[in-house]
Amino acid sequence: MIEGISIYEILSLSSVLFFIGIYGFFTRENLIMVLMSIELILNAAAINFVIINTYLYPDFLQGAIFSIFIIALAAAETALAIAIIINLYKLVSSVEVKDTEIMKY
Amino acid sequence: MRFELGLLLLFLTLLVFEIFTNKKQKGNVISFAILLFTIHTAIGFIPLADGDLFGGMFKTNTLLFYFKNVLNVGVLIVLLQSADWLKEKIVEQNKATEFILLLLSSLLGMYFMISAGDFLMFYLGLELATLPVAALVAYETSKRISAEAGVKYILSSALASGTALFGISFLYATAGSLYFDVIATTLTVSNLSILGFILFFSGLAFKISLAPFHFWTADVYEGAPINVASYLSVISKGAAVVILVILLFTVLKPLLPFWSKIIYIVAIATMTIGNLFALRQQNMKRFLAFSSVAQAGFILLGMLSVDELGLTTVLFFVTVYIFSNLGAFGVVQAISEVSGKENIDDYEGLYRTNPKLSLLLMLALFSLAGIPPLAGFFGKFFLYAAAASKGYYVLVFIGVVNATISLYYYLLVIRAMFLRKNQDAIPYFNSKLFMKLGLILAAIGILVAGMYSPLYEYVYTISTNFLN
Numbered sequence: 001m002i003e004g005i006s007i008y009e010i011l012s013l014s015s016v017l018f019f020i021g022i023y024g025f026f027t028r029e030n031l032i033m034v035l036m037s038i039e040l041i042l043n044a045a046a047i048n049f050v051i052i053n054t055y056l057y058p059d060f061l062q063g064a065i066f067s068i069f070i071i072a073l074a075a076a077e078t079a080l081a082i083a084i085i086i087n088l089y090k091l092v093s094s095v096e097v098k099d100t101e102i103m104k105y
Numbered sequence: 001m002r003f004e005l006g007l008l009l010l011f012l013t014l015l016v017f018e019i020f021t022n023k024k025q026k027g028n029v030i031s032f033a034i035l036l037f038t039i040h041t042a043i044g045f046i047p048l049a050d051g052d053l054f055g056g057m058f059k060t061n062t063l064l065f066y067f068k069n070v071l072n073v074g075v076l077i078v079l080l081q082s083a084d085w086l087k088e089k090i091v092e093q094n095k096a097t098e099f100i101l102l103l104l105s106s107l108l109g110m111y112f113m114i115s116a117g118d119f120l121m122f123y124l125g126l127e128l129a130t131l132p133v134a135a136l137v138a139y140e141t142s143k144r145i146s147a148e149a150g151v152k153y154i155l156s157s158a159l160a161s162g163t164a165l166f167g168i169s170f171l172y173a174t175a176g177s178l179y180f181d182v183i184a185t186t187l188t189v190s191n192l193s194i195l196g197f198i199l200f201f202s203g204l205a206f207k208i209s210l211a212p213f214h215f216w217t218a219d220v221y222e223g224a225p226i227n228v229a230s231y232l233s234v235i236s237k238g239a240a241v242v243i244l245v246i247l248l249f250t251v252l253k254p255l256l257p258f259w260s261k262i263i264y265i266v267a268i269a270t271m272t273i274g275n276l277f278a279l280r281q282q283n284m285k286r287f288l289a290f291s292s293v294a295q296a297g298f299i300l301l302g303m304l305s306v307d308e309l310g311l312t313t314v315l316f317f318v319t320v321y322i323f324s325n326l327g328a329f330g331v332v333q334a335i336s337e338v339s340g341k342e343n344i345d346d347y348e349g350l351y352r353t354n355p356k357l358s359l360l361l362m363l364a365l366f367s368l369a370g371i372p373p374l375a376g377f378f379g380k381f382f383l384y385a386a387a388a389s390k391g392y393y394v395l396v397f398i399g400v401v402n403a404t405i406s407l408y409y410y411l412l413v414i415r416a417m418f419l420r421k422n423q424d425a426i427p428y429f430n431s432k433l434f435m436k437l438g439l440i441l442a443a444i445g446i447l448v449a450g451m452y453s454p455l456y457e458y459v460y461t462i463s464t465n466f467l468n
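Protein sequence lines correspond, in order, to chains A and B.
Residue 88 in our numbering sits at position 88 of the first sequence, and the numbers go up by one each step.
Residue 313 in our numbering sits at position 313 of the second sequence, and the numbers go up by one each step.
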């Protein structure tokens with residue numbers, strides 16, 4: 001619990017982070033930037049879990065533990081995504097979305 | 001827990017075996033892996049007692065055992081169908097065993113996902129099921145299209161799991177716990193829980209490729225190696241459907257008046273969009289991708305009837321769908337391996353040169369379309385019956401219209417194979433042993449699930465036990 005800051009302010013922060021992430025995912029042209037947007041979304045979720053745990057249900061540490069797992073899995077996800085992107089870069093020498101896409105409807 | 005421990009043991013054995021084989025004998029590792037996995041599948045049929053583990057985080061019951069067995073058989077067929085491809089193309093790049101290991105670790109993730117007793121275990125299982133598949137999609141590292149499909153899959157699946165997590169955090173806020181048993185009793189209808197449900201549902205809908213979240217499907221299926229595409233469309237989707245139906249029927253049941261509307265709209269959108277896009281596809285992989293989107297829409301019909309009937313029909317349809325789709329993908333793969341051809345036009349005159357393969361493809365496509373004596377017909381019929389029993393007549397009507405449209409495009413392929421004549425049709429070829437076994441198993445599955453009615457009754461009994 002943080003003195004002087006209510007749960008509404010922190011939940012607003014995490015929601016803003018979430019929607020910045022969603023907006024970035026759909027508008028960024030660079031694959032690395034898209035990946036960073038996904039990190040924002042995951043971090044917003046992690047903040048939510050910790051805050052809901054400390055403010056609303058402080059008896060058990062379920063939310064805090066969940067956020068630790070989120071951080072670990074986000075790292076795994078990023079590592080794999082970077083590996084695939086590097087492989088794509090070796091083949092097309094670009095990480096811009098418009099250069100990498102050949103399959104369309 | 002026997003399934004998970006057995007699979008883990010198999011995984012470690014393969015890892016050790018891989019280290020101690022020299023380069024020339026890597027091909028044998030594949031045969032050995034298939035042998036071990038067959039034993040694992042056979043052991044799975046021995047009955048087990050129900051129970052909880054880890055303070056209720058991990059649950060097992062007869063329904064889950066049944067579905068894990070179905071997943072096992074499906075993965076066995078995928079392994080058999082990919083064995084020859086691995087031996088011919090991948091062994092020389094010295095990464096064949098890794099393919100099997102990634103496949104098995106993804107299967108392990110699905111075991112944990114469907115057995116989950118709280119959201120943490122569910123999330124871990126979901127990620128363990130998704131990440132290895134992303135690596136598999138990008139497995140042909142020298143192919144540009146495979147890398148592109150891999151990027152698309154990993155990015156959109158990461159977005160989906162992020163969205164689902166954000167939704168879970170809201171469900172946690174309203175229900176006060178992450179355990180399914182507690183949530184089922186404390187969850188109430190409020191704006192926050194509805195928002196949480198929508199976000200969570202959209203995350204899972206991505207895995208099942210329901211209508212507004214299906215955009216990745218066709219591209220990923222086209223770029224991925226065919227056996228990975230068949231794994232994605234069958235095993236991955238089947239497991240996600242089962243955990244979705246279990247969650248909707250037990251944990252999220254307090255939100256029933258709300259989620260039934262969402263399912264209603266999404267079902268119509270998914271069936272229609274999947275069918276309309278499937279009409280204009282030329283590539284067989286893209287065609288099967290959109291057909292699998294449409295099939296996912298049909299599955300949603302069964303979820304609208306929240307009782308034993310609904311659960312039974314969904315489980316039965318998923319079982320049938322797994323075998324039918326594996327048959328179709330298997331034939332596409334067998335042909336692509338020999339000739340490299342994947343377009344519907346290339347299949348013209350196939351019946352005259354390869355009658356057995358075209359008969360099997362016909363069987364699989366008829367089963368997907370729902371032609372009477374085959375399994376797919378009963379699956380669809382029961383889904384309609386489940387939706388109609390709750391009074392969703394308009395939805396059933398739309399479903400029937402969509403089934404008719406789908407019959408048209410399935411028949412396009414069959415017409416190309418049987419009625420068209422072609423001077424340079426794909427010449428006769430003999431599939432290798434493993435591929436043959438895989439195709440025969442899929443064919444047996446299609447016929448048995450359709451003709452052998454005790455299967456449906458068995459699924460009905462375990463669903464009744466599960467819900468009470």
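Wrong hints could be hidden among the right ones.
[Said to hold, decoys possible] For lysine to aspartate or glutamate, the following EDC-like pairs were computed, each having C-alpha atoms within a straight-line distance of at most 16 angstroms: (1) K143/B to E29/A; (2) K59/B to D181/B; (3) K87/B to D50/B; (4) K90/A to E140/B; (5) K98/A to E29/A; (6) K23/B to E92/B.
[Said to hold, decoys possible] Facing chain B, a subset of chain A residues (Cβ under 7 angstroms, in silico): (7) I5; (8) F18; (9) N43; (10) D59; (11) Q62; (12) L73; (13) L80; (14) A81; (15) N87.
Quick caveat, the hints were computed from the structure, so don't treat them as lab data.
Every value quoted in this text rests on a predicted model; they were computed, and no experiment measured them.
The beta-carbon is built from N, C-alpha and C at its ideal position, and this holds for glycine as well.
Check the structure against each numbered hint from earlier and tell me which ones fail, lowest number first.
Result: hints 1, 3, 7, 9, 10 break, sorted rising.
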